Amino acid sequence: MLAKISSGKSVFGVLSYNQIKVEKNQAEVLYRQKMFDSPDGKFSIRDCMDSFYPYLAVNNKTEKVVFHASLNPDPKDKLDDEQLAEIAQTYMQKLGYGNQPYIVFKHSDIKREHLHIVSLRVNENGKKINDSYEAVRSMKICKELEQEFNLVPLMKGQRESETPTKKIDFRVFLSSLLITSTSLFSTSPGCEK
Numbered sequence: 002m003l004a005k006i007s008s009g010k011s012v013f014g015v016l017s018y019n020q021i022k023v024e025k026n027q028a029e030v031l032y033r034q035k036m037f038d039s040p041d042g043k044f045s046i047r048d049c050m051d052s053f054y055p056y057l058a059v060n061n062k063t064e065k066v067v068f069h070a071s072l073n074p075d076p077k078d079k080l081d082d083e084q085l086a087e088i089a090q091t092y093m094q095k096l097g098y099g100n101q102p103y104i105v106f107k108h109s110d111i112k113r114e115h116l117h118i119v120s121l122r123v124n125e126n127g128k129k130i131n132d133s134y135e136a137v138r139s140m141k142i143c144k145e146l147e148q149e150f151n152l153v154p155l156m157k158g159q160r161e162s163e164t165p166t167k168k169i170d171f172r173v174f175l176s177s178l179l180i181t182s183t184s185l186f187s188t189s190p191g192c193e194k
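What the sequence shown shows, in this note's numbering, is residues 2 to 194, in sequence order.
Just so you know, these hints were derived from the structure itself, not from any lab. These numbers come from a predicted model, not from an experiment. Zero decoy hints are in this set.
DSSO-like, lysine-lysine: derived pairs with alpha carbons at most 27 Å apart:
1) LYS79 / LYS5
2) LYS129 / LYS10
3) LYS10 / LYS43
4) LYS79 / LYS25
5) LYS62 / LYS129
6) LYS22 / LYS5
7) LYS141 / LYS79
8) LYS77 / LYS112
9) LYS95 / LYS62
10) LYS128 / LYS10
11) LYS22 / LYS112
12) LYS77 / LYS25
13) LYS141 / LYS95
14) LYS128 / LYS5
15) LYS112 / LYS5
16) LYS22 / LYS65
17) LYS43 / LYS22
18) LYS25 / LYS10
Computed Cβ-Cβ distance ranges for the label pairs, DEER-style:
19) LYS79 / LEU57: 35 to 41 Å
20) GLY127 / VAL153: 37 to 43 Å
21) SER7 / GLU125: 19 to 25 Å
22) ASP75 / SER39: 30 to 36 Å
23) LYS112 / MET140: 22 to 28 Å
24) ARG113 / ARG47: 28 to 34 Å
25) PRO55 / MET140: 27 to 33 Å
26) ASN131 / SER39: 29 to 35 Å
27) ASN124 / ILE46: 18 to 24 Å
28) SER8 / SER109: 22 to 28 Å
29) PRO154 / TYR134: 20 to 26 Å
30) ASP75 / ALA136: 18 to 24 Å
31) GLU83 / LYS35: 17 to 23 Å
32) ILE111 / GLY9: 19 to 25 Å
Think of the CB as a built atom: it goes at the ideal place given N, C-alpha and C, for glycine as much as any other residue.
Work out the full structure, taking the sequences as your base and the hints as a guide.
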């Protein structure tokens with residue numbers, strides 16, 4: 002299994018990216034931890050932002066507050082949603098994000114199913130979560146998960162460039178993001194014309 006971790010400043014941006022995938026039926030919400038759930042059970046950026054807000058409000062030092070991980074099992078691994086959710090939870094716990102609010106999306110926009118996990122790098126006290134040697138720890142955790150869940154192991158020397166991914170057309174993405182943000186804020190209280 003291959004994991005890719007990134008940091009960012011825009012929680013809204015990473016949630017919007019996943020919302021676009023959900024709206025195109027290329028992704029679905031697989032698991033939520035410490036996250037508000039909308040009454041209809043559908044994914045909502047507003048509910049996610051409300052869940053993250055208490056953590057963001059007490060942050061005063063960390064610039065890149067977004068934790069975004071992509072977990073990519075081998076296409077030969079045939080995993081059901083329950084197993085994928087358990088893999089995501091175990092990964093987050095072992096990496097030190099087990100007590101954080103986070104949401105897990107299952108993407109099916111390329112030939113293999115993979116997970117995207119969105120969380121925050123600051124805890125409920127505003128303190129940054131330890132990310133020292135995070136990439137090294139992540140690789141070790143992936144190897145442990147391969148054994149624990151009987152997954153096809155990542156071959157020695159295999160790199161992320163050998164794992165097929167889909168290129169993003171950023172013009173389309175930014176256009177969709179603007180439409181999403183406009184509709185989100187135009188329906189927010191206090192944002193009437």
